[in-house]
Amino acid sequence: MTHPIPPGSRDVLPEEMRELRAIGDRMRAAFEGAGYGEVHTPALEYEEVLLRGDERAAGARYRTFDEQGAVLALRSDMTIPIARVVATRYAGAEPPLRFSYVARAWRATDRGAGEPREFLQAGIELIGVPGTEGEAEVIALTIEGLNAAGLRRHRVGVGDGALYRTLLASFGVAEEAHLPMLEALSRRDLVDLEHQVDALALADRDRDLLVRLPQLRGGPEILDEAPGVGGLRTLHDQLEARGVADRVIFDLGLVRELGYYTGPVFEVYDPAVGFTLGGGGRYDNLIGRFGRDLPACGLAVDVQRVHLAQAAEEALA
Amino acid sequence: MSDGLTIAVPRGALFDRTLDLLDGLGVDTSEVRSNDRKLLFADIGVVTMRPTDVPTYVEHGSADIGITGKDVLMEQSERKVYELLDLGYGACEMVVAAPDHGDPIGDALRRLGRVRIATKYPRVAAEHFARTGRQAEIVEVKGSVELAPLTGLVDGIVDLTATGKTLAENSLKVVEQIATSTARLIANPVAHKLKAEQIDVMTERLRG
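Residue numbers (the working numbering), protein chains in the order written: chain A, 37 to 353; chain B, 36 to 243.
In isolation and in its complexed conformation, chain B is listed as follows (with noise of 0.2 Å):
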């Protein structure tokens, strides 16, 4: 940005919003727009990448501040970063789903003292499931985690969804919520203290 301050920008869910908020400060975003290839736009202080490699950029200050999913820092729980502000939108729940007949989560746990999970968030699921106190195994996937129940890989998911259509889709349901994920913004450490007046300026006009 023009006060010297670099941000990581997620592409993806996030994207288009985070833009928004951009355009909303003065930046001029419309190459980010238009480019999806070019990665780095130094003369606006914007760098985009997915949003899980966000807090990576900004825990080394490569970024001064980042935007992402709260799922991706509980997921990156380790990561040197301060949490500065909820920035309401790319609301999404993290739940726990499995297939819509009876209940194999609870069949599992009864049966076989242990329950199977496939999930995107490893760290995430378990620490959920020791929580609350049930033996998990944890299978992490890459892909589509819908299509792990329906194989008979796992007996239920931890995943995010917005709406539920696509676990609908593949006849599941929520079983139970774990926690709400929204935008965040994030900050380096040392550039809190070292870019101090620019980093609040930009959270009072972002809580704004």
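Isolated chain A, as found in the complex (with noise of 0.2 Å):
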């Protein structure tokens, strides 16, 4: 007789459970020591509460009725509960903010795809920061939360989630054009948006800029090669200051799913493992929505995958 539990999700027993409470606590550690307090949220929220941070996030949520009928949403990620808690708790607080989490959320999986139902995240954002300097603080603090947690190896990729679309558009290209092309381009089938740029009978050096873009990726050398992009020239010379700029990739053809991200945009890597690690990003608009006009970015890992490349670093060595 099997007693299942739904794909996605795990049972985790002790010698596992030790080691991924070890990465938490050292990755909870070095956010307190950054003056990143540790904040806790309800894992069920209202869901129309929910919906005023994403409208798209609304069909990868579960959803449950309390006694009188509301519906209830189990949380997707901790940035939208977050944006919540500063516009209400925080309402009359001086920024800069800064808040860090070792929380779980969960999302809808595509039966069969392997992605997880439900996961641990460890993450940070800093809120009332506008531009670089906001960026720079939080990228250099998720790379010194993953070395506190064993990893030595990672990286952070970095690019401009607005970069194409923009281009697009000063190149003429007609609104109901965009999606399909910027599709391809989450999706990285650069032959199936090479043949949708050549469709467009664009002038060659546009055609070509289209085409390269999503190609340009390493140091800071490749931003040389694109137009627009002086705010990433501007987050580099600051992660330079900050000595993690040898960790960073710049990576112009990087695009995020989630809806509420309006600028640069972030992504995790270690070399030992083929998936990405966690991501974030600039979402100056998010607060906004629940009442407080903030700038704010953010960035979380999650803690399972940070112990398989762990794990997979040790095998290495």
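The hints are simulated quantities; they were obtained by calculation from the structure and are not laboratory data.
Treat the hints loosely; a few may be bogus.
[To be verified] Here are the in silico distance ranges between beta carbons for each label pair: (1) B:D51 to A:E212: 39 to 47 Å; (2) A:R189 to B:A214: 35 to 43 Å; (3) A:D329 to B:E172: 52 to 60 Å; (4) B:V236 to A:G279: 24 to 32 Å; (5) A:G279 to B:G59: 39 to 47 Å; (6) A:E212 to B:A126: 28 to 36 Å; (7) A:G266 to B:R72: 31 to 39 Å; (8) A:V247 to B:G148: 39 to 47 Å; (9) A:G324 to B:E232: 36 to 44 Å; (10) B:G59 to A:A70: 47 to 55 Å; (11) A:P50 to B:D58: 35 to 43 Å; (12) A:R248 to B:E211: 30 to 38 Å; (13) A:E261 to B:G148: 51 to 59 Å; (14) B:G148 to A:G327: 52 to 60 Å.
No experiment lies behind these values; they were computed from the predicted model shown.
Just so it is clear, CB atoms sit at the ideal spot from N, CA and C, and this is done for glycine as well.
Work from the hints to combine the two standalone chains into their complex.
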């Protein structure tokens, strides 16, 4: 007789639990040490409140009802609950505000896709520091947190989620052609993207830039090859000042799926594993949707994936 | 390969052309050609496998890059791999085919409201019929798909054809084209960033 648990969820037994706990504790200590106080918010929230943060994430949520028939939803990340906390509990507080969390979130998964339904995230949110100064702080602290967790070769990829869309608009590409191109970009189907770009019949220079952009990734030198990346260049200077520039890879084709990002987006990698460890970005409009207009950015990693990377690094050593 | 990349090479129809391509990049593939039981050639960074397994190894990062058919990528569209280059060889058509007398697919749709289709590509087939507004019952088979309509199991098939010869020998004809499939170069998303230079050099030379 079997007693199944839903695919994408798992039981954690003591030996693994000790290691996961150690990673979470070390990252928590690194975040607290940098002034990012830990917060906890309810796993279940009113769905209509979460939807104020991001309508597009609505399909990914697990829902239930309370005794009065109000719809409750399991949070699918910690960024939206923290945006709510900032706008309500810190309505009059002087920014900047710094928060961290080591908390579970839930997302619906395709059956058999192997994606986790429940996952433990360790992350930080920096509220009220606009522009590259905020982004550099968040990237540097994430790198430090992963150092504390025991990783040695991790890197952060940095792109600009709005760059490709801005370029398309500046080349006069019709609005209705954007979506299929951005979808091909987000899948990094460069063959399909090149076909779509060719079909636009643009001037050679514009065409080449649209084809080349998703392949531009590496050190700050790639920023010389694209227009509209002044912000990323400033970010590089600040990362250099913080001594972490060599841990960052600029990736001009990077886009992230979540709908609330407004500028630079981040992903975290380790060479020992083939999947991303986490991600984040700048979300300057999100807290405003809850009533307090403040710029913000954040980054989170999946603790279990950090654990897998750490184990793979040990196996290589 | 000597520059530290591991490449997943498909055995089967794309095998010889893929090895020719690697020869052109200066990789010594003579051992791969002469030993068809050995699967891993660590010294030259080559792993060989069925084409349908290539996206699995590349998605996980066990291989940094790989070569497989577009047909495989269409069927496994949930795989998180980057598609970098159309290599052009191994061209095949993904088609709907049916017995060459009458119109069995049209007849089934008119009289029974749905058509039965056998295929090794259940996702591609289901999406094609959904996109064209027709109800289809997809029957997944593992072996020779051409057999299925001949025995009355289904009304038609969705399959890959290069010359149409096998179809004709089994009294089947192409009734619709779905897509053209060629060999594609794919990459693991993390390797694409962390081994950017090696992957770019390789992509440029293959594009060459």
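Now for the hints, and whether the structure bears them out:
Look at D51 (chain B) against E212 (chain A): about 43 Å separates their beta carbons, and that is inside 39 to 47 Å. Against the hinted window of 35 to 43 Å, the Cβ-Cβ separation of R189 (chain A) and A214 (chain B) comes to about 40 Å, which satisfies the hint. D329 (chain A) and E172 (chain B) have their C-beta atoms about 54 Å apart, which keeps the hinted 52 to 60 Å range intact. The supplied range of 24 to 32 Å is met by V236 (chain B) and G279 (chain A), whose beta-carbon atoms lie about 30 Å from each other.
The supplied range of 39 to 47 Å is met by G279 (chain A) and G59 (chain B), whose beta-carbon atoms lie about 43 Å from each other. For E212 (chain A) paired with A126 (chain B), a C-beta distance near 31 Å keeps the hint of 28 to 36 Å intact. Between G266 (chain A) and R72 (chain B) the C-beta distance comes to about 57 Å, which lies outside the given range of 31 to 39 Å. Distance hint check for V247 (chain A) and G148 (chain B): the Cβ-Cβ separation is about 45 Å, which falls inside the suggested range of 39 to 47 Å.
Evaluation of the 36 to 44 Å hint for G324 (chain A) and E232 (chain B) yields a pass: the beta carbon distance comes to about 41 Å. The supplied range of 47 to 55 Å is met by G59 (chain B) and A70 (chain A), whose beta-carbon atoms lie about 52 Å from each other. Here the CB-CB span from P50 (chain A) to D58 (chain B) is close to 53 Å, at odds with the stated 35 to 43 Å. The hint said 30 to 38 Å for the Cβ distance between R248 (chain A) and E211 (chain B), and at roughly 36 Å that hint holds.
In this structure, E261 (chain A) and G148 (chain B) meet the distance hint of 51 to 59 Å, their C-beta atoms being roughly 56 Å apart. Our hint of 52 to 60 Å for G148 (chain B) and G327 (chain A) holds, since their Cβ atoms are close to 53 Å apart.
Taken one by one, the earlier hints fail for this structure at numbers 7, 11, listed in ascending order.
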